[in-house]
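Peer 1: Letter by letter, the chains look like this.
There are 2 protein chains.
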Amino acid sequence: MTDSNGSIDGEAIGRPTNPMVSPLLTDLYQFTMAYAYWKAGKHQERAVFDLFFRRNPFGGEYTIFGGLEECIRFIANFKFTEEEISFLCSVMPTCEDGFFDYLREIDCSDVEVYAISEGSVVFPKVPLMRIEGPVAVVQLLETPFVNLVNYASLVTTNAARHRFVAGKTKHLLEFGLRRAQGPDGGISASRYCYMGGFDATSNVAAGRLFGIPLRGTHSHAFVSSFMSLDEIVNKTLRSYDGSSTCDDFVSLVECWLNKMQRADSLRGTFGDTNQSELAAFTSYALALPNNFLALVDTYDVMRSGVPNFCAVSLALNELGYRAMGIRLDSGDLAYLSIEARKFFCAIEKEFDIPEFGKMNITASNDLNEETIDALNKQGHEVDSFGIGTYLVTCYAQAALGCVFKLVEINNQPRMKLSEDVSKVSIPCKKRCFRLYGREGYPLVDIMTGENEPAPRMGDRILCRHPFNESKRAYVVPQRVEELLKCYWAGGSANKREDLPPVKDIRERCIQQLEQMRPDHMRRLNPTPYKVSVSARLYDFIHFLWLNEAPVGELQ
Amino acid sequence: MTDSNGSIDGEAIGRPTNPMVSPLLTDLYQFTMAYAYWKAGKHQERAVFDLFFRRNPFGGEYTIFGGLEECIRFIANFKFTEEEISFLCSVMPTCEDGFFDYLREIDCSDVEVYAISEGSVVFPKVPLMRIEGPVAVVQLLETPFVNLVNYASLVTTNAARHRFVAGKTKHLLEFGLRRAQGPDGGISASRYCYMGGFDATSNVAAGRLFGIPLRGTHSHAFVSSFMSLDEIVNKTLRSYDGSSTCDDFVSLVECWLNKMQRADSLRGTFGDTNQSELAAFTSYALALPNNFLALVDTYDVMRSGVPNFCAVSLALNELGYRAMGIRLDSGDLAYLSIEARKFFCAIEKEFDIPEFGKMNITASNDLNEETIDALNKQGHEVDSFGIGTYLVTCYAQAALGCVFKLVEINNQPRMKLSEDVSKVSIPCKKRCFRLYGREGYPLVDIMTGENEPAPRMGDRILCRHPFNESKRAYVVPQRVEELLKCYWAGGSANKREDLPPVKDIRERCIQQLEQMRPDHMRRLNPTPYKVSVSARLYDFIHFLWLNEAPVGELQ
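Protein chains in written order, with my numbering: chain V, 47 to 601; chain G, 47 to 601.
Don't take every hint at face value.
One copy or two, it doesn't matter: identical chains are merged, so the pair holds either way.
Claimed, not checked - Straight line, CA to CA, 35 Å or less: simulated DSBU-like cross-link-like pairs of lysine-lysine: (1) Lys549 / Lys281; (2) Lys423 / Lys475; (3) Lys281 / Lys125; (4) Lys125 / Lys214; (5) Lys395 / Lys541; (6) Lys423 / Lys531; (7) Lys281 / Lys475.
If you're looking for bench data, these hints aren't it; they were derived computationally from the structure.
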């Protein structure tokens with residue numbers, strides 16, 4: 047099962063998760079350029095491209111890198127079918143036949159991919175991936191790579207930010223399938239939200255593909271579909287330990303509701319509860335007595351939903367089962383969760399049911415970073431958050447602007463100039479390092495030319511801002527981590543890093559986030575993490591800049 | 047090729063476009079509910095669900111319905127595989143075997159789907175689809191249907207809004223693949239942007255699947271990959287009519303550049319142009335002389351890119367070819383397009399090249415509704431807009447809140463109450479009509495009970511706001527259109543509407559938008575289009591509301 051654990055099985059890397067991922071999944075201009083390279087005899091020139099982004103999303107100062115495994119699977123299977131070739135012939139009718147013969151031949155056996163490990167905390171300008179190979183082939187990879195990394199990194203980062211604001215102890219559930227960009231958008235969302243620190247998803251297909259824990263109970267429609275307790279025909283329920291059978295669970299529930307209504311400590315908090323809701327809860331408990339979690343806001347949370355839930359839970363308790371909890375999907379979640387908690391505690395005390403007060407409360411109505419933060423400030427009793435729309439659509443910022451820039455061709459460094467300094471790319475085939483300080487925090491990322499000596503533990507090194515002459519600092523790293531590792535070396539599997547299962551990437555992500563200095567992570571005015579270049583690379587960038595700028599426009 | 051034209055071939059409807067679309071593509075709670083229905087013996091009860099949305103997106107007053115064909119393909123292929131069943135067994139270990147036998151059996155032969163035609167202009171509260179069938183089966187369809195309709199309708203609407211602001215005469219190109227939510231997000235984006243009125247896409251895979259015209263030229267990397275004209279080895283180019291061959295196209299280009307530099311009318315506008323750019327343009331023209339469209343902003347638009355482009359175009363012109371135009375991807379697009387246009391006109395005059403001044407100008411830098419509107423207000427000379435990020439991510443509003451609500455079960459009308467009136471659903475199995483006025487504009491949509499007489503042309507009918515007693519109006523329709531048509535009648539193909547190809551849906555969409563009264567369409571403070579219920583349905587809703595509300599809370 048390559049799909050469910052993501053590991054490389056000997057030489058073979060499985061098909062991409064999404065079988066629609068074909069080499070045609072690219073922009074037309076990659077083919078017109080490939081043709082122009084081919085016509086000019088340049089198509090085999092060895093090119094180096096960097097894939098990077100320019101700004102952290104969501105007003106934060108960090109990003110999580112996601113999508114690497116999908117990129118590697120893509121190139122491992124990069125080969126045109128005859129049907130794809132014929133389609134391209136029809137789209138580019140003036141191109142010579144020799145070009146299509148060339149396309150028939152190509153694969154990624156001459157391509158190398160160096161990348162930061164998936165699930166790492168990453169920063170602007172530092173290449174997430176460095177892709178080397180024949181210029182025409184690597185150019186064809188641009189669009190799919192950027193497509194596969196952009197949303198993956200964005201939504202992983204969004205998930206990590208939700209985890210940060212919710213805190214470590216809360217359960218985070220991804221409920222976004224219905225709001226994602228189509229089926230595969232939903233599957234990607236579930237995969238990368240889990241990677242970013244969520245605990246479970248509602249998406250069954252994603253659960254199967256990636257081994258993500260699944261969660262879910264019932265909807266309002268389920269509650270509305272019942273009219274009364276009379277509808278329940280089979281009323282028997284075996285006790286949890288199998289030692290006895292209750293012949294009329296419905297009466298047991300009604301009996302507990304009566305006891306509650308008569309209890310001094312609960313008197314006056316509710317009157318007659320909604321009977322179709324009670325029927326729905328009772329039916330659900332009869333079907334899934336070990337997983338009784340009820341949506342309590344179809345009619346009125348405190349006057350109907352919570353009392354009905356407690357009656358069913360107490361009946362279950364009498365048979366040795368333990369109810370799971372409630373879900374709130376509307377209203378004032380802070381207030382309702384606190385009121386529900388009080389009610390559960392009152393039940394615990396009134397009927398002497400240990401732990402009943404600790405019943406799980408899940409909240410799930412249009413939640414996002416801001417609403418969770420607001421709930422935290424108000425005080426609440428929510429244990430689990432079910433988050434959908436704002437998480438999977440990355441509503442607060444729906445795109446990460448990853449780019450794919452040529453930095454070297456035929457051993458000649460290239461740089462993309464722009465009047466906007468933030469858009470200037472850093473030339474050369476580079477190595478990238480993360481330097482750690484005495485307290486174990488990462489201090490700075492540094493890019494160097496390929497052939498420079500690597501920074502060494504304990505040795506002072508000058509780190510320069512790539513474009514601002516006055517910004518520079520000497521750093522003595524206590525630890526040096528090389529960021530770009532080989533994930534694809536043509537056909538050879540020997541030199542390659544493993545592709546770990548999603549679960550392991552999730553662990554890496556959580557661990558890396560914990561390692562960050564807190565001021566980079568805070569939601570309000572976080573401190574930017576510094577990204578630098580070596581002194582030699584700095585000088586070279588500025589030498590090239592002068593030479594590439596058009597005459598009369600030395601910037 | 048069912049995929050490319052979307053038509054039904056006799057009885058058979060092809061597989062969904064995306065093979066990942068399996069019956070597992072749903073929320074877990076649909077299965078836990080299905081199990082609870084099954085345990086309660088309710089799973090066969092006939093239920094009616096409405097799929098609708100509550101608010102138009104993007105601050106507008108209309109939405110375009112997309113995603114219907116994908117829903118119909120989904121149900122046409124709705125069947126669990128043994129592998130899927132085993133996965134479900136592992137996820138729901140306490141469920142009885144009989145339930146999985148039931149799942150093995152089910153398909154959608156007992157389901158009926160009535161829907162508004164895809165590509166129609168639609169409004170809040172009116173069901174886009176009405177789905178009837180055994181409650182457990184239809185419940186399993188909720189998540190995939192909402193998933194397939196939500197993003198499709200949202201991005202189609204976004205595309206239509208971009209078309210509206212750009213105007214009918216501009217060419218609109220969708221360039222969003224790299225910013226979409228993964229591969230399938232990109233493919234959906236291309237499909238539905240075309241449906242909403244775009245002219246072409248850069249996405250080759252979408253072009254193949256749906257027959258969408260493809261567009262694309264080259265990137266900055268292509269320009270940066272060249273160093274000088276010396277790199278160009280094969281310099282020969284046959285003339286357009288094949289009658290002659292130019293042995294040194296490079297010299298011809300240089301010769302034209304010289305002529306331009308010496309021309310009185312152009313003197314002083316540019317000096318030495320960038321030679322790697324000139325080499326890139328020349329190479330591109332040698333490869334694709336019929337499709338020469340150059341990206342002119344790698345170095346400096348007016349001092350290098352446009353003059354280099356014109357030199358190559360004039361050389362092509364001498365051989366009988368006609369250049370396509372330029373693309374601007376940065377800077378002040380209004381200003382640059384106007385300057386480029388002046389330059390083209392000067393070339394037309396100076397060298398007497400008819401139509402040269404009409405050269406196509408494409409703009410493509412982070413465009414959206416607002417920036418196009420701003421360009422229009424400033425004045426510009428752009429002919430084509432290439433739009434990516436803001437279009438496909440629906441950045442301005444990343445989600446449409448489609449819902450799927452139970453409105454009837456076992457012939458009993460059901461309604462979802464809420465303290466928030468906008469969230470109350472309209473009960474009953476309904477029919478929906480669009481009433482047209484004298485000028486041909488749609489006046490109002492009206493929902494009626496299933497068995498009420500349909501509104502008739504020329505007959506006065508009372509249209510009531512569903513929840514606001516004081517809002518009511520008599521309407522005498524000049525034309526009545528029934529909105530919900532049968533798109534799936536179990537196994538029978540006889541009663542079904544056709545699923546037209548994407549191109550035809552696009553035509554319907556454009557035509558429907560043109561038919562709308564202009565005040566509903568304007569960007570600033572558009573007039574809401576009215577959605578109403580019949581007097582009988584109004585009375586029934588309010589009767590039910592009183593009866594369903596919990597005691598002590600008559601709302």
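Peer 1: Provide an ascending list of the numbers of those earlier hints which the structure does not satisfy.
Peer 2: 1, 2, 4, 5, 6
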